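Protein chains in written order, with my numbering: chain A, 1 to 661; chain B, 662 to 1322.
None of these hints come from the bench; they were simulated from the model.
As the structure is a computational prediction, the values presented were derived from the model and not from experiment.
All C-beta atoms in this analysis are idealised placements derived from N, C-alpha and C, irrespective of residue type, glycine included.
Hints should not be assumed to be uniformly reliable.
[As the list claims (entries may be wrong)] Only pairs whose alpha carbons sit at most 30 Å apart, straight line, appear in this in silico DSBU-like list of lysine-lysine: (1) K1161/B <-> K1171/B; (2) K512/A <-> K1171/B; (3) K510/A <-> K668/B.
[Stated by the list, open to error] Chain A is faced by these chain B residues, among others (derived, beta-carbon under 8 Å): (4) S971; (5) S1181; (6) Q1237; (7) N1303.
2 protein chains.
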Amino acid sequence: MNPDLRKEREAATFNTELLTHILDGGSERTRRRREIESLVIGDPDFCHEDANFLSRSERYEAAVKKSALMIMKMREYGISDPDEIYYYKCCVHRGRPEPLDLHLAMFLPTLLNQASPEQQDTFFMRAWNLEIIGTYAQTEIGHGTHIRALETTATFDPATQEFVLNSPTVSSIKWWPGGLGKTSNHAIVLAQLYTQGQCHGLHAFIVPIRAMGTHEPLPGVVVGDIGPKFGFDEIDNGFLKLENVRIPRENMLMKYAKVEPDGRYIKPPSDKLTYGTMVFIRSMVVGESAKAISKACTIAIRYSTVRRQSELRPGEPEPQILDYQTQQFKLLPLLATAYAFHFVGQYMRQTYLRITGDINLGDFSELPELHALSAGLKAFTTWVASAGIEVCRMSCGGHGYSHCSSLPGIYVNFTPTCTYEGENTVMMLQTARYLLKSYTQASAGQKVSGMVSYLNEMSQQRLQPQQVSARSTSVNLKDLSSLVEAYKIRASKLVELAAKSLQTELQLMKTKEDAWNHCSIDLVRASDAHCHFVIVKLFCSKLAEVEDTAVHSALYSLAHLYALHGVYQNTGDFLQAGLLTVPQLTQVTQQLKELLSQIRPNSVALVDAFDYRDEMLNSVLGRYDGNVYDNMFEWARKSPLNQTEVHNSFYKYLKPLQSKL
Amino acid sequence: MNPDLRKEREAATFNTELLTHILDGGSERTRRRREIESLVIGDPDFCHEDANFLSRSERYEAAVKKSALMIMKMREYGISDPDEIYYYKCCVHRGRPEPLDLHLAMFLPTLLNQASPEQQDTFFMRAWNLEIIGTYAQTEIGHGTHIRALETTATFDPATQEFVLNSPTVSSIKWWPGGLGKTSNHAIVLAQLYTQGQCHGLHAFIVPIRAMGTHEPLPGVVVGDIGPKFGFDEIDNGFLKLENVRIPRENMLMKYAKVEPDGRYIKPPSDKLTYGTMVFIRSMVVGESAKAISKACTIAIRYSTVRRQSELRPGEPEPQILDYQTQQFKLLPLLATAYAFHFVGQYMRQTYLRITGDINLGDFSELPELHALSAGLKAFTTWVASAGIEVCRMSCGGHGYSHCSSLPGIYVNFTPTCTYEGENTVMMLQTARYLLKSYTQASAGQKVSGMVSYLNEMSQQRLQPQQVSARSTSVNLKDLSSLVEAYKIRASKLVELAAKSLQTELQLMKTKEDAWNHCSIDLVRASDAHCHFVIVKLFCSKLAEVEDTAVHSALYSLAHLYALHGVYQNTGDFLQAGLLTVPQLTQVTQQLKELLSQIRPNSVALVDAFDYRDEMLNSVLGRYDGNVYDNMFEWARKSPLNQTEVHNSFYKYLKPLQSKL
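Model the full structure from these sequences, guided by the hints.
Structural data, given as structure tokens:
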């Protein structure tokens, strides 16, 4: 092992293994995760060439191979618990998306949730056994977020008892669904339902798109891959154009809405029933943000202790680059962010499960808050993580650009989360809508509950204006709970500002929608502050659960850094809310620097606790043993351009040029 | 043409052609640029397959082909003016880096500047005619920015009159030079010179690395490609390991330093002589930042007027997405940034030429400021542009992720500027060193000149403390010159804070170097504020040169937006400096929103004025005619995965799986 890394590990003030258990949610879960990872990593069938050296078609093929093997082996091993499937799958595909993702995560669950019992009999086992390979085709080339405007049509023809599906325009071509281009032979297609001359809005239809056996596209189906993208090389995101494609009446998913043989349309009993999946996926994305940024931090922080560069003190050896304050300032707040998001991810998961339980008992009361929270946190965490990965990459200097660092791959495979499952700005505005609604309720004296309950206090304050200004003492920067309080007041202030901005716009006699649009900058800012408060608060609450004092102390410093760094980046807000005074600003910086120095000695242990095996990170810079340069040289020599000493282009173009000049 | 785009163009309040002339530096230059672009675009030899569909080896080969053709044709056409070479080259390679970049931009110039007349006779014409293809090998796997620590050695052997070159460690392997892996047969190698048992530091040597004729690596030379990277697919960035490679004494570049036949070392007369190239390249990078962000804005803004989505007013058609305030807030400040950086790039170029003239006359007096300014502005503009490209990409929703948008390509080929030619944080600290030196001088009553002259005023203010607080009236947000003044005072305040922070650290009895490190966060912040001030100031000065009132008015709004947006993002600084009051914060937002509405109708004309031909942008989303969806569909159908209806992997993996389950 690299001696610098060894020293770092020896100097840690806490037991990393204990922290790993906290991250996993218990020692037993750590054990089982490692067991499953070993099943994959020790399996010679999953040995493979470095994907960085393959063409896109080869990468897709390698992924299909692994997905097929994965399905076989999970059934052999009897792995069926959702968490265990997730561990296994992540390990097989090294965290990258894969061709069967939509079959497993969208097609099968949609059948389970929206197919009638008869339809389940017809389709489910065939899909379970991959005779039917499916995807979920919603987004069109011209419409993403605003799904009501989707253009694909499904018109019922009672004469033949069939639906006729059509893509009436170029902009109506289905676009982006994963696994649609080459892998799937069926798609659940979202289309505007027409029957008896009337449109009944979007409904879901099971559409066969490729022939069983030959896998050739069926008549009227134009299907293919949408071409190379930023990342997602393993996936055949596809297009689908339907030209009078006929499917039996029974292929409309009819658990709730129905079309009778005579063409009569029967409404679904409620439209909240499809709500849950979306909220679930957004809640899970928070955990994905934590994973992506924790991987990037692991790589950048380990490398920053191995890399030595420049001169701090004349005549002394070059320092480890993590000893530069600027490097600490880049990486340690991101490390704190990784922990913060991890705990928020755990919270969202638990909350989702709790509320789903309530919903199954008929209690929908907490759904609106979960919906708002998952939308905002999805946007907040994916934006921060996405930008943070790039900070990590650039903190590694030139080598961060090499695919052997794995950082470019982490970025391109993560950044799409900012757009899919709800474009981030739209998500922030959804959260804002909930915040403003809660604000209006609280202002009217109705008590609001959950994470927005601070709005109740605000309305009390406004009733006693004198007390407010008296109370407005500034934050104690050394005290985490005082910082949590400050974030709360900042959020409440920004929600109030947004509400006032909306009122002002409304008074200018615009329509409600125009007014909303004209204050959307303020609305996004309010959502951002709300999410920031929630994260600081949850990180702080998590500390109470940590028993080991050494681990507690290490995490406390991180939580403190996370909170203080946010203050540093948003001093304007805190000054504006009267939470901070100008003379205090120097203390913010001073305190921040102290925390950096305090966390610096634990930084390698804090990334080690994430417990990513080298095979999962797949990064030469982030190797556990720190033997970076030898392995980088070895990796480079395998590059396809080095298969011959002289590249073909020399004979074809350079040599002829030399003789002509 | 798309009717929305046509309407946008018709509604513009100014003549885009006039603005294009300003950007090019005169109508004649616009004419000539277009003429040269047409030479390439109309040339059937330069037709080529979409690079997005090629493997890396194919992309490299296609680039070599184009580079060879380019050299031939430029000589045929007699294109030899540096600007014209640049236009031609950019157009051939569509702004992407190419295999001969280092030969043209580093190898030939280094020969011109550092080779003795005899060496020029030996090498220059052979290099000019590409018999010798060269690169510049400085960076090693273990050392980038801190070049003094490079490990490669060149030891003089008087017995044979040769230098013996060695890479003594793995970390000393040359790494990253463009064109080194496969293209070059020579390299200028930077190595520690040893003669008569003494080390004389870094010197440059011409080292043949591949045999003339066969292009095979020479004995003792281990050379190859460093493997796939984030972008730069067209370039064979390479590694070079030297094992007792002998070169004649005459291959050390001896215009200044020399080694005599007996091994005696003769020092160069000055070490400032190699300074210029670095400053030149950094100055040029500012212009590259402008180009990258202006391309990204062109694509995102055109697409945002073509794309219609969601609902603003119930029952009305879906609005153009540029009508959403949040979209304007993302894109229009970046558009303003593109203009700001463009004018700063022009200024840096002119200043470089002026100061180079002075240097040739023996006057080095302005070099330190230019050095500091080019370092800081290089860092400031590349960071902003790099992050800005990603904002543009994400503002296009899902389609921004497709390579057909060209946005991922713009990003990956631009982001390396944050690291090469001086890592950005290191650059910011170099600028800070100059700022603190100037501050110390000004504090001691010495007058400092140039862009830092505001530090003189500050020292006056400190002599009359009473007047300062009296003077500290807040900024007039509607007045651009008042904003320039505010940026100046903010910069001066942050330089002062950094200086005080350094003094405090020094009093804690640390070494000078430790103290510097312990306040480097503050130092970077001061540099950042200084650069921001310079940019706002230069943008504002440029307006005075614009005669056409309609163009002037459009640019004035942009400059105003640029300045105000920076205030919005850094309210803490402006509040701290007493330039802004809390009640004014609402006005900042209000004023910002007004500017967005004001610029919105001109936004397409403002990107049209950049005058990128479709062939240069190479973006389906950014097409001049706005026919996005049809062309996207057409592009996708050419994707390599669509060459067959059924992908091989179906027969190999999916069909067998289906039969097993």
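Each hint, compared with the structure:
no.: 1; hint: K1161/B <-> K1171/B; result: holds (15 Å)
no.: 2; hint: K512/A <-> K1171/B; result: violated (61 Å)
no.: 3; hint: K510/A <-> K668/B; result: holds (24 Å)
no.: 4; hint: S971; result: holds (4 Å)
no.: 5; hint: S1181; result: holds (5 Å)
no.: 6; hint: Q1237; result: holds (5 Å)
no.: 7; hint: N1303; result: holds (4 Å)
Hint 2 from the earlier list is the only one contradicted by this structure; the remaining hints agree with it.
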